[in-house]
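*Asks:* The residues making up each chain are set out below.
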Amino acid sequence: MMSSSAPQVLLVDDSATIRQAIGNRLQAMGCQVHRVVDGTAALAAIRAQTYGLVLLDCYLPDMLGHEVAQQVRMMESAEPQRPYTPLIGISAESDPAHVRLCLEKGMDGMLGKPLQSEALRKMLALWCDHEWPDAGEQASTGERAGEDLHQLFLRTSQYDLQALRAAHASTDLAVMAQLVHRMKGAALTMQRAEIVALLECVEEALRTGADGLDSVPLLLVSLGRILEA
Amino acid sequence: MTWTPASAMRIALLDDHAVVRYGLAMRLAEEPDLDVVGAFATSKELMAALRTVQADLLLIDYALGSNDIDGLNLIRALRVRFPRSKILVASAHHNPATVALAMKAGAGGFVGKAQDLGELIQAVRAVGRGRQYLNVAMVAALSSMQQAESGASQASRSLSGSAPPASRALAELSSLSPREREVLRCCLEGLSVTEIAEKFTRSVKTISGQKQSALRKLGVRSDHELFKIAYHIKDL
Chain A
1 MMSSSAPQVL LVDDSATIRQ AIGNRLQAMG CQVHRVVDGT AALAAIRAQT YGLVLLDCYL
61 PDMLGHEVAQ QVRMMESAEP QRPYTPLIGI SAESDPAHVR LCLEKGMDGM LGKPLQSEAL
121 RKMLALWCDH EWPDAGEQAS TGERAGEDLH QLFLRTSQYD LQALRAAHAS TDLAVMAQLV
181 HRMKGAALTM QRAEIVALLE CVEEALRTGA DGLDSVPLLL VSLGRILEA
Chain B
1 MTWTPASAMR IALLDDHAVV RYGLAMRLAE EPDLDVVGAF ATSKELMAAL RTVQADLLLI
61 DYALGSNDID GLNLIRALRV RFPRSKILVA SAHHNPATVA LAMKAGAGGF VGKAQDLGEL
121 IQAVRAVGRG RQYLNVAMVA ALSSMQQAES GASQASRSLS GSAPPASRAL AELSSLSPRE
181 REVLRCCLEG LSVTEIAEKF TRSVKTISGQ KQSALRKLGV RSDHELFKIA YHIKDL
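Protein sequences appear in the order of chains A and B. Mapping of the first sequence onto the working numbering: residues 1 to 229, in sequence order. Mapping of the second sequence onto the working numbering: residues 1 to 236, in sequence order.
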């Protein structure tokens with residue numbers, strides 16, 4: 001059984017690869033998808049129209065996912081006639097403390113990265129009464145789309161890698177962390193485990209601070225080789 | 001059609017195991033004040049039914065590990081979409097981290113699969129009437145977990161005089177009224193109900209009622225059990 005109208009889904013992620021990959025999958029499942037890159041744009045979109053479901057990355061360039069959630073809930077309590085917006089966080093981390101914080105701030109649930117089609121289907125059923133047959137979206141995402149997505153992934157990753165080199169040169173740790181997070185999300189979605197592993201080494205280096213940063217240039221060289229291969 | 005009192009609590013069951021559904025429905029049917037209005041194997045079936053059937057309580061079993069957030073998403077969706085139905089979770093994952101998340105998502109209570117059916121019925125009645133239900137051991141485990149998590153920053157705050165996290169968490173969980181709290185505090189100091197009644201110049205019946213309702217909210221059945229968790233509510 002399918003619901004009568006296509007669910008309106010807002011997808012918020014700063015990775016172009018994820019916006020394309022997940023957005024296409026949602027469309028193939030019969031959704032109307034609106035994609036935005038950051039928290040400010042997400043808030044403007046939610047203010048302007050009603051969404052059946054919002055998928056929200058937990059680490060956006062301008063704010064954290066739970067900060068967006070908090071503002072949406074404030075907006076809703078200030079305007080009681082406004083329908084409730086279901087907000088689902090997307091995070092590579094699944095530690096209970098983080099999940100609890102997100103729930104406290106107004107999110108309705110969490111999904112892990114990479115997003116699985118099965119999980120998306122469940123969310124659409126839970127919140128939008130939208131049923132879509134298993135693997136029904138496979139047929140419409142042909143090889144051509146897959147190839148375009150791969151190109152997009154390589155292009156945006158190389159672009160991010162350049163920015164990462166520049167941020168490393170000026171020891172801008174915050175920018176580095178944001179870029180690594182975005183690259184990792186994209187690599188997870190593309191199931192490129194070797195890239196994810198290298199990016200996790202960079203994350204670890206960022207955590208340990210000045211000492212760890214010495215290992216970054218070599219990691220970036222390895223990343224560059226993989227992306228050019 | 002079987003007879004049920006006008007005010008019978010309407011219960012919908014969700015469990016993917018047919019035998020469990022059958023067993024639960026049979027057991028609940030023995031209680032004249034409980035009425036099973038449906039038993040479902042999937043969340044999809046449950047949600048479809050709730051659009052036409054009213055339920056006061058949803059008794060849901062869900063594979064709800066702390067890393068498996070499916071159950072969490074389901075609880076939240078049920079809570080938001082069917083706000084008039086209270087939620088009681090029965091799950092084998094009866095550990096503090098999972099329980100804390102489930103309660104945060106909107107569950108009214110949580111029972112372990114190992115708990116006996118008598119206790120389950122008790123939990124059904126409590127949650128169906130809008131109270132929270134967790135057993136004593138879980139309340140204690142939750143407050144020590146929160147105490148451990150809040151760590152050093154909280155320690156300095158409680159030194160400066162405000163309530164420490166354990167008792168605050170407990171008070172939140174159990175939603176004790178100020179009177180009930182007062183009575184419990186006296187009980188823990190070793191006063192009898194008669195002595196407390198004298199102290200506040202109230203009737204023994206009133207104090208006894210407040211004590212019983214406080215114990216119920218804490219999921220405590222006896223003075224003995226109350227003293228077992230006394231450590232966690234010493235700053236009541």
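None of these hints come from the bench; they were simulated from the model. All values derive from a computational prediction rather than experimental measurement. Fair warning: there could be bad hints in the mix.
Once the Cα atoms are required to be at most 30 Å apart in a straight line, the calculated BS3-like pairs of lysine-lysine come out as [to be verified]:
| # | chain 1 | residue 1 | chain 2 | residue 2 |
| --- | --- | --- | --- | --- |
| 1 | A | Lys105 | B | Lys217 |
| 2 | B | Lys104 | B | Lys205 |
| 3 | B | Lys211 | A | Lys122 |
| 4 | A | Lys122 | A | Lys105 |
| 5 | A | Lys122 | B | Lys113 |
| 6 | A | Lys105 | B | Lys104 |
| 7 | B | Lys205 | B | Lys217 |
Taking beta-carbon pairs under 7 Å as the criterion, some of the chain B residues facing chain A (in silico) [to be verified]:
| # | residue |
| --- | --- |
| 8 | Arg76 |
| 9 | Lys104 |
| 10 | Ser144 |
| 11 | Met145 |
C-beta: ideal position from N, C-alpha, C; glycine also.
*Asks:* All hints, please: hold or fail.
*Replies:* The hints, checked one at a time:
1. A:Lys105 to B:Lys217: holds (26 Å)
2. B:Lys104 to B:Lys205: violated (35 Å)
3. B:Lys211 to A:Lys122: violated (45 Å)
4. A:Lys122 to A:Lys105: holds (23 Å)
5. A:Lys122 to B:Lys113: holds (25 Å)
6. A:Lys105 to B:Lys104: holds (11 Å)
7. B:Lys205 to B:Lys217: holds (18 Å)
8. Arg76: Holds, about 5 Å.
9. Lys104: Since the shortest Cβ distance to chain A is 5 Å, the answer is holds.
10. Ser144: This hint is violated: Ser144 of chain B lies away from chain A, its Cβ roughly 15 Å from the closest one there, beyond 7 Å.
11. Met145: violated (10 Å)
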